[in-house]
Each structure stands twice: as C-alpha cells, then as structure tokens.
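Asks: Each chain, written out:
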Amino acid sequence: MIHFVLLISRQGKVRLTKWYSPYSQKERTKVIRELSGVILTRGPKLCNFVEWRGFKVVYKRYASLYFCMCIDQDDNELEILEIIHHYVEILDRYFGSVCELDLIFNFHKAYYILDELLIAGELQESSKKTVARLIAAQDSLVETAKEQASSISNIIAQATK
Amino acid sequence: MSGPSLMDSLFQRTLEDLIKGLRQQLIGEQAFISKALEEIRKEIKSTDLSTKSTALLKLSYLSSLHFHDMSFATFHALEVLSSPRFSHKRIAYHAISISFHDSTPVLLLITNHLRKDLSSTNEFEVSLSLQCLSRIANVDLARDLTPEIFTLLSSNKLYVRKKAVAVVLRVFEKYPESVRVCFKRLVENLENSDPQVLSAVVGVFCELASKDPISYLPLAPEFYKILVDSKNNWVLIKVLKIFAKLAPLEPRLAKRVVEPICDHMRRTGAKSLVFECVRTVVTSLIENDSAVRLAVGKVREFLVDEDPNLKYLGLQALSIVAPKHLWAVSENKEFVIKSLSDADPNIKIESLRLVMALVSEHNVAEISRVLVNYALKSDPDFCNEILGSILSTCSRNVYEIIVDFDWYVSLLGEMSRIPHCQKGEEIENQLIDIGMRVKDVRPELVCVSRDLLIDPALLGNSFLHRLLSAAAWVSGEYVEYSRNPLELMEALLQPRTSLLPPSITAIYIQSAFKVLVFCLLTYLMQRGSTASSMFPDNLPSAVSASVSYESFDDLSVENVVDATDTHGPTCTSASITNESIVNLLNLVELALGPLLGSHDVEIQERARNVLGFVDLTKLDLLNSSVQEENDSERKGAEASKTIELMHGAFSKELGPVSSSAQGKICLPDGLMLKENLGDLEMICGDIDQPSSNSFSFGSPYEEKGGVSFSNLQIKENSRQSNESTSLLAEHRKRHGLYYLPSGKSEMISNDYPPANDPMLLGNINDNADDLVKLTEESLTPKRKPNHAKPRPVVVKLDEVDEKPESKEDSLSGAVHDVLFGSEDIVPTSSQSNLSDMPSSKRKGKEKQHTDSHVESKENLVDHGNPSSRRRKHHSHGKERRHRSPRKKNAEERKDNGQKLKEKSSHRHGMHKSGQRAEEPFNFSVQTPVIPDFLL
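Chains A and B, in that order, are what the protein sequence lines are.
FYI, in full-length UniProt numbering the residues of the first sequence are 1 to 161.
FYI, in full-length UniProt numbering the residues of the second sequence are 1 to 935.
Think of the hints as simulated: they come from the structure by calculation, not from any bench.
We put the CB at the ideal spot given by N, CA and C, even for glycine.
There may be inaccurate statements among the hints.
From chain A, some residues computed to sit far from chain B (all C-beta separations above 10 Å) [to be verified]: (1) E34; (2) S36; (3) I104; (4) K128.
Lysine to any residue pairs mimicking SDA-like chemistry, simulated, CA-CA at most 20 Å apart [unchecked claim]: (5) B:K20 <-> A:S24; (6) B:K231 <-> A:S127; (7) A:K56 <-> B:D307; (8) A:K13 <-> A:E82; (9) B:K157 <-> A:L16; (10) B:K20 <-> B:S34; (11) A:K60 <-> A:E89; (12) A:K128 <-> A:E82.
Pulled out of the complex, with its shape left as it was, chain A reads as follows (with noise of 0.2 Å):
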C-alpha cells in the first residue's frame, strides 16, 4: 500500500502531504525533512526510486514539483509511476494544464481529487474521466451551496438572529 503521497517544489517547499500511515506531526516533518535531502538531490537521469527505511519512494518530478509516494517494499514501482502520471494527468484536465501556481492555491482541491483517486492507499479509481466527473459533481454541490449562504439576505439573517 502507499504510506503517504507528498509533493515538494525544487526548493524543498511542500505543496501536500497525504498520509495513510499514522504519522505524528514531528514525525511527518521529519519525513519530509529527510525525504526531500534525498530526492531533491539526485540527478536528472537516474532511476524514479529510493529505499528508505526499509520502504521504497517512488518519485517522478512534473516541472518543479516532485511528486513522491512511498510504499512497501513488495510494492510494484512501475505501478505506483504509474498512478503518480495519472493523477498529474488529472490535475491537468482540471486545472487546464496545471502549474505548480494552482496546486498552491487550491491546495484543498489537489486533496480532494487524490481523495478520489486513491483511498486507504489503494488506488481506487483508474479512470480519468469518471474522477473528472466526479470532482465536478461534488464542486457543484459546494457551489450552490454557496450561492445560498452568499446572498446578503442570508448574511443579514444570521446577523440578526
């Protein structure tokens, strides 16, 4: 299964953290901490995977974000590179060629699909399309609820309540 999905920027910033491992919260600065001394620091043209305390991250840089997942060591790597393009594909067709610009802003929303495409650990949904559908109709869902709760009559009947 995969222990935790992190994304770093080139300058060893962090765009998301997902994990499915507890962790606690020093331990997951640690991690990254750790983790990112590793990957950042390896060249263009070696291969995707890193052992790590007895796990295996898999890591594949999209422009200057790195997407990294780490999983166990019977794993499939190709696999999980596998899912590390699909969800950068997906993040692509919702964001309309997504930049790394999008992912800080809307960082709820890069969790949201991931929360579609993976669960437990476990990829759970390999087609791009259904996830599309499925973001864009839950984002409808928030929308009109916003629509209500943005209208001034409502702001004003909260107020005077």
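Start from chain A and add chain B according to the hints.
Replies: Relative to chain A, chain B alone:
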C-alpha cells in the same frame, strides 16, 4: 460572547488571502503564521458555520503544509461536521482526517456523525465519511460502524461500494471480529463485473494475504479466474502479488498458475505488468525452470534498456533470483560489473549486491581484487559501500568462504590504505577476530600489522585509529612471530602516536610492554645459550622461533647510556645485542616518560607500569651483562625471573569468547542481580563521577597483568554489566520479549573479549555435543565439508552462531502468534452473521487462539524431532475432537459446503482431515491438506 462580530465574518480572510499573504512574506513568515493562527483561534469559535469552516480550512492548510499543531480545533471540526452543507462537511472531514489520531479525545463523539453520513442518501457524503473512516478508524469506530459498512458492501451504487470495500481493510485490521460479518460479502464482490470494485477487492485481499497468506488459499479459484480473464493491468498486478504469496504454500497451485503468468509475460506490453510477472516468478515459482528462463530473458531486456528505472528493477529481480539460480547472474555478469560504474548510486549499490552474491570460495580473491580497484576509483560513499560489503561477505559465517587467510589478511591491510576508507572499526574487529580464531595466519597478520604501524601517514587519519589499535594489539599479542621486534617497538613508540586518542594510546603502551618483555627474554636466552645456560630448566618454547642464536661476542661493550640517541641503527639485524637492549630501554624511557603526566588515567597507569618494569630490570640486566661475576649473577637471575614472570603472564593465549559465555558463569553467592540499585546509585554517584570521564572499568582493552588479576576483572566486568542490565532483563523476561539476543550487547561493549574463559575452551567439545543433541539439524549444514586444499583451522564457538537464532525464533514466533490470532477469524467468519453467534462459540474460538499459539511454537521448536511432534499432533487432534460438535453447528449452516468448509478447516487442515478420514498423520506441518479445489 467571545465570537467574532458580523464585521469579522464579513471581512474574514479567506484561504486565498492567507496563501497570498504568506507568499508575500519574504522574511518573517513565522510571525505572519502565528498572527494568522491567532485569527483562526478566534474565528473558529464563531457560531457562524461558514466563518468556522473557513477558519478550519485555513488551519488545515497550515497544519498540512506548515506542520502547525491543530489539535486545539478537534472539537470545532466536529461542530463543522454537523453542518448540513456539503461544502462544510468536506472541509471538516478533510481537517479530521489529517489531524485525528487514535488518542484524540473527541474521537468517541464522531461515531454518530459518521453513522449518519454513512447511511446518507447523498453518495458523496457517504464517500466522505468512508474516506475519513479509512484514515481514523480505531477499535471502537470499527466495531460500532461494522453494520453500516456491511450494508454498504452490497450497495447498488458502485461508487460507494468500491470505497466501502477499500475501507474494510482498515476495519478488519482494527477490529478482527468484523471479519465474521463482512467477509462473505467481500468475497462476493470478487465476482463483481465492475473493474473498479474488483480492483478494490483484489487490493484488499492483496494486503490481507501479504500478512497471512495461508488463510486465503481457499479463494485461489476465484483469483485464478481473475488472473485468466481480467484485462485490467491494475487488477492483474494485484492478483499476481496474491499468487506470489499463495504459490509457495501449495505446489499444485504453483503448477497451475505458471502458464497464465507466462502468457501474460509474453503477451503484455505494459512494463509494470511484465515486471510483476517476473517478480512473481523469481520469488515464488522459482522451481519452474522454463518460467525462470523466460523471466530472466525479460530481465535481460530490462537491463539493456535505456530507462534507468528498468535497469534498477532488472538488477533487483536478479538479486532475488540469485540465491537459487546463480546462472542468471553469471549470464549477465558483464552487465552487472558494468553497472558498478553507473551514474546512479542506487544502481551501483544494487549491482554491488549482485556481485557479492556471485562470490564463492573459488573466486573471492578475484572479485575482491576487482572491487578494491573500483573502490580506489569511486567516490567516498560508494567506496565505503564496497569495502563494507567485502568485509561482511568475507566474514560471513565465521569466514566461511575464506580459504587463504594470508591473502585475506593482506587484503585487509590493503583496504585500510585506501584513502577514503572509513571502515576502520570493522577491519579492527576482523583483524583481532582472525588473530584469535586462526592460528596459522598469525605470522602474516603480524607482518601486515607491522606495515600498518610503521607507516606514520596512517596516524593522521582518524577513521583508521581503531584499526591501528587492532594492529598494535596484534603485534603485541603475537610478537613471537615478528621478524624484528625492535622495529615494532619503534613503530609503537613513534612520536606521531600523540595523535591517537587516549584509549588507543593505552593499547599502544600495553603492546609496547609485551614487545619489550619479549625482547628482553630473547636477549636473556641468547645470553643464556652462549654463557653457560643460566636457566636450563624452563626455557619457554614459544620463543625463539624467529630469533637466530647468534654468538654473543660483544658482551663487554661499554654500557654508557646515551639517552639522546634513540633512533640508532640498532634494529636492522634480527638478533638482539646488548647495545640494542640498552637503546631499547632508553627509547622506552624517553617515549613513555612524558606520558606519566598524561591527563588520562589509563595512559598514566600503563606508562607507569612499563617504566616501573624497566626500572626493575634495567640495572640488573646491564650490570650482569658487563661483568659476569658471581655476585651479580644472582641479581641478574632476579631480573630475568621478573621478565619470565611477565612473559608467562602474557603468553597465555587469548581466544574468542562465545556470546553466551556470560550465562555459563555461575552466580557468586553474595551477588544479587535482581536487587534494585536505586539506593546504591545515590551512594556511588559522587564516586563514579570523577573516574568516568576517561577511565572506565569495562574498557574494551582491559589487559591482564596477571592471571589472577584478569580473573578478577572478568568477574568485575560481568558484575557490572549484569547489574546495569538486570532491570531490562527482568522486563524482557516478564514480557517474553528479547529485543536483542542476550549476550550480544556484551559482545558489542567488549570489542574484543577481555580474556579467555578457561573452562569454556576446555569444554568446547562437550558443549558442542550438548548443542548438537539439541539442534542437530541447524548445525550440520554449517559444518564445512573437507576442503581439497587445507584450510587453516578456524576456532568456532558453535553457540555464537546458534544462540541468537533461537532467540530470534521465539521473537518471530510471538509475532506469528499475533498475526495468526488476528487472522484466525477469517476462516470462520463467512459462516454466519454476528447476531446468531452464540457466546459458547466465541469461547471456543478463544481456545483455538491459544491452541494455535501452542501449535506454532511446537513447529518452531520441534523441527528436529519428528516423532515427538507427531505425538503432539495426535494429542491435538484429540483436543479438537472434543470441540468439534460445537463447530459442527456452524459448519452445517454453510450451503456451498466444501469450499467454505475448507476455509474453516484449512488452518488446522491436518487435524481435521485426519480426523475425518481417519488417516494417519503423515503430512508435513507447513502444507495443510487442501482437497482438489482447483478447478
């Protein structure tokens, strides 16, 4: 009213504002964040859910990307969760899944929220709560929500169903009882036509099977169907993983799946699937030659590929296949060696492992030569990686593959001269270890040590200090093999030794002491042999092997002490002349004199010992050599007696000490190991402090000044270590846990054993006999067959190899028990619902728990003794018979009979079937009997 006003909620900073603000802060980011946190703390108390949820969203941003604590908001997150709006729920669930953990206090309050959302009609709400549950489930949540999950497992909304399936894994893990409820539905989903659901189910089984494969063997037909029919690579990869776990358990299954797997391997273009096939074959279907050949063929394609990923994975696959089919590696040898100079350090390390796998006693010299050359050329990290793996491979199993120890020792010497070498410590251990274990290699060892000691350049490299200490010790201990002890003496006392740390200087001094005693004794003997042998009765036989008895014609040389000239040309000849002795003594005095003022107690003491000895002997020796008169002869005799005494003390051979030797020392009467030493600490606190800074009693290089003294020290050492670890030992005993094999810690702390336990050496054979009786099997393979080429005797203490293993077994046994226990439910689960589970049944199950416990232990212990095991099994069968009526109830309820019944019986397969068919117990433990369920 502490909440924010209307204005606050109207002008609340959104997440975007927060992020923008953060990005504008070039410096003082922390200040900005803490200000934002303050705002959030205020906003989150608002009664307006929109304000609250925005605050929560901002907080989860800061928590997940800037790692700020958000535990203060757990309750607020729950409040937001109760909002009817989807957008709020989404934020709340997200916040909860990143911040909750098993000990979060409000975890209990979430159960009802989750239950409500799990049964919501909005599939997205269900999805959110499942998502969250998969992350935060603990025992209570898993237990309370099992019915809801059970319902969702057959939901007609596939979107919900696949998530429920995925969550089941976590629920099983936390609350094994739920397996009884959900397992059947989970299995039914294996036949689902929807690829996503199928993928989820297979994923769950893949995880479950990786922990306890044997329980899932009865599902093999379903998996087989998927393997043959499915076109989905994601699913196929998972199914292959399951078969990789199942195939080793059931040979017939292995035969069955080989064909489809090979088909996939030939047909598919997806590299990930090919690799998974390869890995399945090389891990689990290793017996099947044609499949392995095909897989190795694919591996070769990987190896020659441009893609470094494939290269790396290819090498990894090879290293899996290496132990069984070495030909696969040797076929690709060229490539593997070439990869040693790859740009990618990971590939280099992988190929290094492979090269080490190729090593055997025939080619070890050749490969080591190649590798050492590589090490010379490569970067420091990899260089040390290479050296480390050479060292560990060669020392494996007490130097199993080394035949020519002279070569190996000189290799060690050579390795230590590689500029980047940081393996001084490991080489140190091996030098001493070989010295103690292999008698024949000592001359060469001394020669290598001499070369190391004499090179002043090495003293500058702090990584090599440990190694030099070994060299010093070796040349002191085995000085009788030295060609030129005087030269050794100079090397040991050279001025640059001041660069060494105190503990190692101490070893240098002690070694110098030994060499000095040896020189003096040789000198005396030479004199004795020329001048009417003074001590004809007790000439030590070990001495004089290398010393030529030269006629002593310059006895009357003037003995004016010339203290300044210490580096005279005295030590060119091997024989020891009067003049050289004088110079030697002067050298000692000159070199050690300043050390009397050393800050280090150890050094000071040892230097004083040596100088005292010199004082004691010098006058007599020189006097007696000048004029051979009768009165001074008496004095000379006294001095030589002292020398002989010292030599006697040093000449007792040190040997390796077994890691379990500590246990053989019987407890002295007055020694209380279990006593709490709290009071003592208070008393000793002040006394210990001053001495602890440099001088430690258990110093690894404790030397023996005399036999009785050394014995005393052993006792002291043991007492000390026993006291300090007694609490830990008791803790271990109580829990039946052995974090480390006992005695190991002792070995670590004493880099080389303080002295030989005489009883131990004497009784090695007896002990070995006992052990052989106990563990005949485990030992026999370790005994080497006779070599065509004579290999020097390597002193082996059987216990060293054997003891830790058995400890590890008990540990793994415990782990096994736990896993066995938690998965034990799986077989019985699919039979019935929770509601009609009588309590008596449950008790029965508990009994099974303990039973399996006992059984697994027996398997571990009883391997070598088939007859007794059979007897025990028999009794097990009886026990089971007692219980069987109770079980029958449940079994009868199953309608799809055979298959599921196996599920309940396969774990105890041998007992059950034996009992059913009245068969004799003629099967092995590891492979339970499984009737022909395969298609």
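Asks: A separate judgement is required for each hint: does it hold in the structure or not?
Replies: Verification of the supplied hints:
no. : hint              : in the structure
1   : E34               : 14 Å, holds
2   : S36               : 13 Å, holds
3   : I104              : 6 Å, violated
4   : K128              : 13 Å, holds
5   : B:K20 <-> A:S24   : 28 Å, violated
6   : B:K231 <-> A:S127 : 14 Å, holds
7   : A:K56 <-> B:D307  : 18 Å, holds
8   : A:K13 <-> A:E82   : 24 Å, violated
9   : B:K157 <-> A:L16  : 30 Å, violated
10  : B:K20 <-> B:S34   : 15 Å, holds
11  : A:K60 <-> A:E89   : 13 Å, holds
12  : A:K128 <-> A:E82  : 12 Å, holds
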